[in-house]
Amino acid sequence: MYERYRAWMTGLIAAGVECGELGADVVVEGAAELAVALLDGAGVRAMLGEPGMDVDDARRLVAAQLAGALGIDPGRLEG
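In the numbering used here, the protein residues as written are 1 to 79.
Don't take each hint at face value.
[Claimed, not checked] Just the calculated beta-carbon pair ranges, DEER-fashion:
| # | residue 1 | residue 2 | range |
| --- | --- | --- | --- |
| 1 | G52 | A24 | 30 to 40 Å |
| 2 | E50 | C19 | 32 to 42 Å |
| 3 | C19 | P51 | 35 to 45 Å |
| 4 | E18 | P51 | 32 to 42 Å |
Calculated from the structure, these hints are not laboratory results. Quick reminder that beta carbons are idealized off the backbone N, C-alpha and C, glycines included.
Input sequences plus hints: build the corresponding full structure.
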């Protein structure tokens with residue numbers, strides 16, 4: 001399950017680098033691993049209804065952390 005999920009995420013990020021939406025210095029595999037970990041962790045917490053971690057909180061947390069690895073403004077990931 002995670003192998004396909006990581007491959008999908010790696011493909012998305014690689015496509016962003018290839019088309020110029022993301023910088024050439026993005027470490028694709030590392031960013032994909034980070035994305036999977038953040039989405040998985042924050043998503044489970046939101047799904048379980050943990051206080052202080054609803055879907056919007058999870059979205060902001062993931063965007064804020066992942067944006068650095070992607071070299072973009074977090075706002076680009078929040079939409």
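Now for the hints, and whether the structure bears them out:
no. : hint                  : result
1   : G52 x A24: 30 to 40 Å : 37 Å, holds
2   : E50 x C19: 32 to 42 Å : 36 Å, holds
3   : C19 x P51: 35 to 45 Å : 40 Å, holds
4   : E18 x P51: 32 to 42 Å : 41 Å, holds
Comparing the model with each numbered hint stated earlier shows that all of them hold.
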